[in-house]
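Participant: So the chains spell out like this:
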Amino acid sequence: GESVGLHLPTLSVQEGDNSIINCAYSNSASDYFIWYKQESGKGPQFIIDIRSNMDKRQGQRVTVLLNKTVKHLSLQIAATQPGDSAVYFCAEIGNTNAGKSTFGDGTTLTVKP
Amino acid sequence: NAGVTQTPKFRVLKTGQSMTLLCAQDMNHEYMYWYRQDPGMGLRLIHYSVGEGTTAKGEVPDGYNVSRLKKQNFLLGLESAAPSQTSVYFCASSGGTSYEQYFGPGTRLTVT
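Residue numbers (our numbering), protein chains in the order written: chain L, 12 to 124; chain B, 99 to 210.
Just so you know, these hints were derived from the structure itself, not from any lab.
Keep in mind that this is a model prediction, so the values were computed, not measured.
Some clues are possibly wrong.
List time: in silico SDA-like cross-link candidates among lysine to any residue, alpha-carbon distance up to 25 Å [claimed, not checked]:
no. : chain 1 : residue 1 : chain 2 : residue 2
1   : L       : Lys53     : B       : Gly101
2   : L       : Lys53     : B       : Thr208
3   : B       : Lys112    : B       : Asp136
Which stretches of chain B does chain L cover? Using the computed rule of at least three CB atoms under 8 Å from a CB of chain L, they are [said to hold, decoys possible]:
no. : segment
4   : 142 to 152
5   : 191 to 199
Even glycine gets a Cβ: it sits at the ideal position worked out from N, Cα and C.
Make a model of the complete structure from these sequences and hints.
Facilitator: Next comes the structure, spelled out in structure tokens:
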């Protein structure tokens with residue numbers, strides 16, 4: 012079956028540095044991708060999304076890049092803050108009629124003061 | 099708006115017992131989902147619903163049943179709990195033009 016995976020399970024950065032979290036996906040037919048942030052003891056929360064007809068999308072301090080050639084997705088966080096410490100998941104949506112998402116295993120981001 | 103709420107927040111069951119987890123959303127979303135999350139892992143889809151009165155199997159449906167009698171509620175049932183069902187269960191909903199899912203706070207279930 013199709014799966015979404017992440018390259019690294021943990022990432023540690025210094026406060027103020029930029030963070031890059033990577034994701035590899037295997038379903039070339041996926042139409043839509045979302046990054047979620049999950050803080051300890053809480054449910055995942057939407058950060059940013061991107062459609063397959065785009066290669067870059069920017070939000071507030073976050074940028075998502077999509078490379079369909081190598082089926083790779085990344086989340087860049089600028090000027091990382093302690094509040095950014097969390098687990099980050101990428102999710103791909105292949106069946107847009109039901110909005111079902113396939114989630115990767117997540118990357119734990121730790122921000123050191 | 100309360101968003102997505104889940105009850106209970108915590109539960110301990112003995113093997114073979116049954117229980118129902120309740121999910122409620124007040125955003126008038128058509129789609130609702132139940133996931134389980136095991137330690138250090140991502141979310142796996144158990145069952146989902148694309149509208150009132152409809153349900154469908156996800157990735158890991160065995161041992162679970164669901165019902166969506168009302169648009170705002172999505173119930174997850176465990177008929178005979180097993181230790182392998184120890185997990186954190188998340189409900190989510192989505193609707194409109196966005197595929198963004200809104201998650202509840204989770205239910206931590208332990209089966210002994």
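Participant: Broken hints, numbered, in rising order?
Facilitator: Structure breaks no hint.
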